[in-house]
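Chains as they are written, first to last, in this note's numbering: chain H, 1 to 303; chain P, 1 to 426.
Hints are not guaranteed to be accurate.
Taking lysine to aspartate or glutamate pairs in the EDC-like style, the calculated list, with each CA pair at most 16 Å apart, reads [claimed, not checked]:
| id | chain 1 | residue 1 | chain 2 | residue 2 |
| --- | --- | --- | --- | --- |
| 1 | H | Lys76 | P | Glu408 |
| 2 | H | Lys164 | P | Asp117 |
| 3 | H | Lys164 | H | Asp106 |
| 4 | H | Lys212 | H | Asp106 |
| 5 | P | Lys132 | P | Asp117 |
| 6 | P | Lys321 | P | Glu120 |
If we take Cβ atoms under 10 Å as the criterion, some of the chain H residues that face chain P in the derived model are [claimed, not checked]:
| id | residue |
| --- | --- |
| 7 | Thr49 |
| 8 | Ser55 |
| 9 | Ala56 |
| 10 | Phe60 |
| 11 | Val61 |
| 12 | Asp73 |
| 13 | Glu74 |
| 14 | Arg134 |
| 15 | Ile136 |
| 16 | Ala140 |
| 17 | Val157 |
| 18 | Pro169 |
| 19 | Ser172 |
| 20 | Tyr263 |
| 21 | Gln272 |
In short, the hints are calculated from the structure, not lab data. Just so you know, even glycine gets a beta-carbon here, dropped at the ideal spot from N, CA and C.
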Amino acid sequence: MKHFPCPKLLRRNSTSKLVSASLFVLPALILVLVFSIYPVLMSFRYSFTDWNGVSADYAFVGFDNYKNVISSDEFKTLFFNTFYLIILYVPVLNILAIFFSVIIYDIGRAANIYKVILFLPNIVSMVVVGFIWRTIYNPATGPLAYLLNALGCENLVQDWLGQKETVMPALSVSIIWYAVGFYVLIYLGGLSTVPNELYEAGAVDGITWWQKLFRITLPMISQSITINIIVSTIAILTLFDLPYVLTQGGPGYASQTMALMSYQYAFKAMSQGKAMALAVMLTLITILFAVCELFLLNRKEDR
Amino acid sequence: MKKYIRRISLVLSVAMLTALFAGCSSSSDAGETSQASQQGDTTITVALMSNDWLDAAEQIAADFTAKYGINVEYTPMPGEVEEYLQPKAAAGSLPDVMSINAGSFGADLAENDLIIDLSETDAAKNMQESLKPVFTSESGKLFGIAGGLSSTLIYYNKAMFEDAGITEEPKNWDEFLEVCEKLKAKGYAPLAVAMGDGAISNTCWSTGNAVEIAATNPNYITEIANGTFNFDTPEQARIFERVKILNDNGYLLTGSVSAMVSTLLDSFKQEKAAMCFQGIWMAGSFMESPFEVGMMVPPWNMEGQPQAVVLGTETGFAVAKGPNEEAAIKFVNYIANEEGFYTYQQARGSIPSLIEYDESKVKMEDTVKEYVDRLLDIEVTGAYWFETLPPSVYARLPQTFQQVATGEITPEDAAATLQELYTTQS
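Excised from the complex, chain H in its bound form (with noise of 0.2 Å):
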């Protein structure tokens, strides 16, 4: 004979069971809402004022500090470095991680020395990343010149962060230098979940290298990719402290990032409003970004 419990009983404890995950959840949620909703909202808010970031009287402007923004002369540029890094960086950085993770993959016992390596400048905090690599690229007394110069291509020598034709890829180097080993970790992770028994099926095909790389593990490993182009361009949208160490955003504005800007119109020309302005912009090219590319990618992994 079955026994069914009461109805009554089962909505007391499903109401007990709403109130404590409720009470459980509500500490994580008012840090969330008093620490990122509530800044992102005042922002949205200060957007629209001309606060210098210290006076307790502003005043609304209205879309005046959007205005000002975009017909800077330097949106342009702006616009340009940030496209510029999403093209060169996202693909480069994807390609070089995938070959990384399958080579490291296939290596077996060395493996880990590898992951080590490739993971190590992720330790460093991204300062110390931009104090190394400006070391690197001095001119006068880094390493690469002296390299350079005893190679006997003294010609070659040059201010690489100082050029505006040479400062972009350089400071792409130096990024791709700093985040191939995380990248490279998740697709690790994506691989492991690839069943031998395809790879074996496909070696009694007799089928090469490279089919095996196309037909079996970048279908295979598809959502790693679609995780991976998402953040890295997420991050690369957001890129701050790189370009702050390293370059300022010069020379000019040539190596200035959206992220960069809208800290030196808030720190700098003391111009809180336009600062926030330009993040409110960069947030939702961020989103829409990240939207289109899921949006692009899910369908492929659907086919």
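Using the hints, position chain P against chain H.
Leaving out everything else, chain P in the frame of chain H:
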């Protein structure tokens, strides 16, 4: 059992919430606590720009505690003063004592009652009157006590000069270019400047401003403050043009366009450049170099123009409004007027800006003393960028210099850019 779990979860949640709000006590509570503690065990927070005198700053804090029984929680200020203080001002958490620059930022803090008027303090009474206007806000509050007098100059490597056959210091711009040419011909990088950060504003802009603007318009500071100044002039363009000439002729050390000030100092100390454009605050450090270092007034004046120099204030000291004001004022008096001042001066080799002080306790190399005497004889002087320019303009100076140096814009465009930024701010 379930009943117990529910009760435990409720107690835990309430505890977590209580802990969360415990840190959000009102400022009046904090005030009461501090006032109570002041009678017994007062601690003041001190944040100073002390990258090149960190040991001395810590020594001053320790000596102050020993003398007055007031504890000091010391933090070195990283980066620039304004960048460090602005978020703290917005959050209402300024340190009790802080470094402050003369100019609009400090004045803003004073006008918003975030830092106090120091005009009645002993340190203020012993500060030279001529330095007070740049540390005074619109409503007349003296918001900072100057750390000393300051100037920028060109240091040079005497051996390199001798090797290039240069026997005399150049007296004007054309002679300076000749010197650069001789050094370059001998295989030396003539001059190191840093355009990657605010150092270029201290040196090339402020000196150019002294020569081109201050020499002909003594009211320029008032005009800038009033919003009636015009930056879009040939004189302003010439300030930028000098850097372009130096860069185009290969007279700047490779890397100067992107160099930060620390790189610049290292380059000169490692004898990578024959000259280095820097502040007088580096004199102590440079004089300890293994090679002989000379000091010259920057010959930025054209032939026929009088020599002009930057003569401004060193970063000073301010006190935040709050419950620890009294103890903080004692600290400012100590570091700017009493024993602490000598510890500070000896570490930096700076030029005292006090009316009365014990000269026997002031440490200055003979070469530096000689240079200071020459400096004080020069009639035309100009102020530093941070003492005169509004933030929207000075924030853009380094980038504008870089754009001129790399040929992205012309010196005339640079002058027009400053005017546009100035007009928008006004």
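Each hint, compared with the structure:
1. For the given pair, lysine 76 of chain H sits about 14 Å from glutamate 408 of chain P by alpha-carbon distance, which is consistent with the 16 Å threshold.
2. Note on lysine 164 of chain H and aspartate 117 of chain P: the hinted pairing is violated, with a Cα-Cα distance of about 46 Å set against a maximum of 16 Å.
3. Between lysine 164 of chain H and aspartate 106 of chain H, the direct Cα distance comes to roughly 41 Å. Violation of the 16 Å bound is thereby established for this hinted pair.
4. With a C-alpha separation of about 12 Å, the suggested pairing of lysine 212 of chain H with aspartate 106 of chain H holds against the 16 Å cut-off.
5. At most 16 Å may separate the alpha-carbon atoms for a hinted pair to count; lysine 132 of chain P and aspartate 117 of chain P meet this at roughly 12 Å.
6. For the proposed pair lysine 321 of chain P and glutamate 120 of chain P, the alpha carbon gap of about 15 Å is at most 16 Å, so the pair holds.
7. Evaluation of the threonine 49 of chain H hint against chain P yields a violated restraint, the C-beta minimum of about 13 Å exceeding 10 Å.
8. Given hint, serine 55 of chain H at the interface with chain P, holds; its Cβ is 5 Å from that chain's nearest Cβ, closer than 10 Å.
9. Annotation: alanine 56 of chain H was flagged as interfacial toward chain P, and the flag holds, the nearest CB pair being 6 Å apart, inside 10 Å.
10. Given hint, phenylalanine 60 of chain H at the interface with chain P, is violated; its Cβ is 18 Å from that chain's nearest Cβ, farther than 10 Å.
11. For the restraint placing valine 61 of chain H at the interface with chain P, the shortest Cβ-Cβ distance is roughly 12 Å, beyond the 10 Å limit, so the hint is violated.
12. For aspartate 73 of chain H, the suggested interface contact is upheld, since its CB lies about 8 Å from the closest CB of chain P, less than 10 Å.
13. Below 10 Å, beta-carbon pairs count as interface contacts, and glutamate 74 of chain H has one with chain P at about 8 Å; its hint therefore holds.
14. The interface hint given for arginine 134 of chain H holds, since its Cβ lies 7 Å from the closest Cβ of chain P, which is under the 10 Å cut-off.
15. Contact between isoleucine 136 of chain H and chain P, as hinted, is not supported at the beta carbon level, the nearest pair being about 12 Å apart and thus beyond 10 Å.
16. Checking alanine 140 of chain H against chain P by beta carbon gives a least distance of about 5 Å; that is within 10 Å, so the hint holds.
17. The criterion of a C-beta within 10 Å of any C-beta in chain P is met by valine 157 of chain H, whose closest approach is roughly 7 Å, and the hint holds.
18. Checking proline 169 of chain H against chain P: minimum C-beta separation of about 14 Å lies over 10 Å; hint violated.
19. A least Cβ separation of about 16 Å between serine 172 of chain H and chain P goes past the 10 Å threshold, and the interface hint is therefore violated.
20. At about 9 Å, the closest approach between the beta carbon of tyrosine 263 of chain H and any beta carbon in chain P falls short of 10 Å, and the interface hint on this residue holds.
21. Taking 10 Å as the C-beta contact cut-off toward chain P, the hint placing glutamine 272 of chain H at the interface holds, the least distance being around 8 Å.
Figure legend: structure checked against the earlier numbered hints; hints not met, in rising order: 2, 3, 7, 10, 11, 15, 18 and 19.
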